[in-house]
Amino acid sequence: MLNAYEVNTLAYDAELCNGCAVCVAVCPHAVFEMDGRKAVLVRPSACMECGACQKNCIQNAITVESGVGCASAMLRAALTGRKEVACDC
Amino acid sequence: MIDLASITATPKIFPTNSHLSTRDRWDHFLARVGYKRGEHRVEPGLYALGNPTPDSPVFVSANYTLSFDALRSSLEGQDGYILVLDTKGVNVWCAAGKGTFGTDEIVRRVMIARLGEVVQHRKLILPQLGAPGVAAHEVKKRTGFWVEYGPVRAADLPEYLKTHTANAEMRRVEFPLSDRLVLIPVDVVQTFLPTLLAAVVLFFLGEWVSSLAALVAVFAGIVLFPILLPWLPTHNFSTKGFLLGGLAALPFTASAFLGHPGWSWYRQVGQALEYLLAMPAATAFLALNFTGSSTFTSRSGVKREMFSYIPAMAWTFGIGILLAVVVVFIH
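Protein sequence lines correspond, in order, to chains A and B. Using the numbering used here, the letters of the first sequence map in sequence onto residues 1 to 89. Using the numbering used here, the letters of the second sequence map in sequence onto residues 1 to 331.
Please keep in mind that the hints were generated in silico from the structure rather than gathered at the bench. Just so it is clear, the structure is predicted and the values come from calculations on it, not from any experiment. Possibly wrong hints are sitting among the right ones.
[As the list claims (entries may be wrong)] 20 Å max Cα-Cα, derived DMTMM-like pairs, lysine to aspartate or glutamate:
no., chain 1, residue 1, chain 2, residue 2
1, B, K98, A, E65
2, B, K140, B, D55
3, B, K12, B, E105
4, B, K303, A, E65
5, A, K38, A, E6
6, B, K12, B, D156
7, B, K303, A, E15
8, B, K140, B, E105
9, B, K123, B, D156
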């Protein structure tokens, strides 16, 4: 596994897009771009799964399993047996 | 839950300005070194920045002093309102991830402050990084206020406010050296005592060089790693950490041979292996933990890294420490 971050849980159904472009606005890594009246997934592997696009997409065209990409938080959750992963920052 | 009494009473508007006092800066310093984390709070509610009118813009922020102060200090000469959400003293982005900087809290604060009566327009300017917790369309539906996502950094607000559009650069989160450097002190403070303890134990188990090795491995993971992050080869934080820890271990490996010419060869090799196994593992583990501080690692990626590398870290670290004990007991 040379790059653990190449693949992620982001999925986008362009059929459902209404062209509002909110996903382009909220994404901190320029994963989406507008092409005419549709959003296009241009850099899917740059997605950090923050969930901003999914949360703001009124069409439910985007799904992503969002969560904190923080090893110490996940490790703590695993060690304490809690399901909820929360960071302390 | 919305407290009825707080809605019916005339809502209070706190005055504020763009000036950062010495006390503010001292508070920022304390926050950066992790002193009383979670207690660097601003009272949630509505603030008047300068002398706002009913047409002035409304900015939304978190009740963490570093977030609130970054916003108000960036808005010098601008009159407006700042709606501070109760994010439990957590910054905007992390609070959005937890949901405390979220739709419900915005709706609640808009109602408590009776914002609809304070301003004539129906627009809230949010930091872009609040978006993971906020559904803009839902805020509109529940309060009548449109959510406008401003730039990532408060510093870009003056430029943004000229046109109310953010260029691509304002929308991107980077992770420059300055942003990585400010994260170092809090990790140094957090690892200081356990590291010191390990160094003392190693001193009594072996010799001062072993203590130094522990300090150097932690220093590499906590200080050097954040600085060198973009320049270390490979993608994964763990492999970057292994490489860095391996480099840090080289002088110690050499010292195992050069420092003890009178030792038998297997004792020299044993001690060299201790360093070569335990140090990279420790550094790699600390490096992996830095994923939480970084601005771009995905949860599924970090998970993949953890499953792939933590066993290797545990094994090499364990064997390294075991070797150290064996070498001590053989002699």
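Status of the hints after comparison with the structure:
1. Of the pairs offered as hints, the one joining B/K98 and A/E65 holds, with about 14 Å between alpha carbons and a cut-off of 20 Å not exceeded.
2. The straight-line distance between the Cα atoms of B/K140 and B/D55 is roughly 18 Å, inside the 20 Å bound, and the hint therefore holds.
3. This hinted pair checks out: B/K12 and B/E105 have alpha carbons roughly 18 Å apart, not beyond 20 Å.
4. This hinted pair checks out: B/K303 and A/E65 have alpha carbons roughly 12 Å apart, not beyond 20 Å.
5. Annotation: proposed proximity of A/K38 to A/E6 is violated, straight-line Cα distance about 24 Å (limit 20 Å).
6. Using a Cα cut-off of 20 Å, the hinted pair B/K12 and B/D156 is violated, with the two alpha carbons roughly 29 Å apart.
7. With a C-alpha separation of about 31 Å, the suggested pairing of B/K303 with A/E15 is violated against the 20 Å cut-off.
8. A threshold of 20 Å between alpha carbons decides the hint, and for B/K140 with B/E105 the separation of about 13 Å falls inside it, so the pair holds.
9. Between B/K123 and B/D156 the CA atoms are separated by roughly 19 Å; this keeps the pair inside 20 Å, and the hint holds.
The structure shown violates the earlier hints numbered 5, 6, 7.
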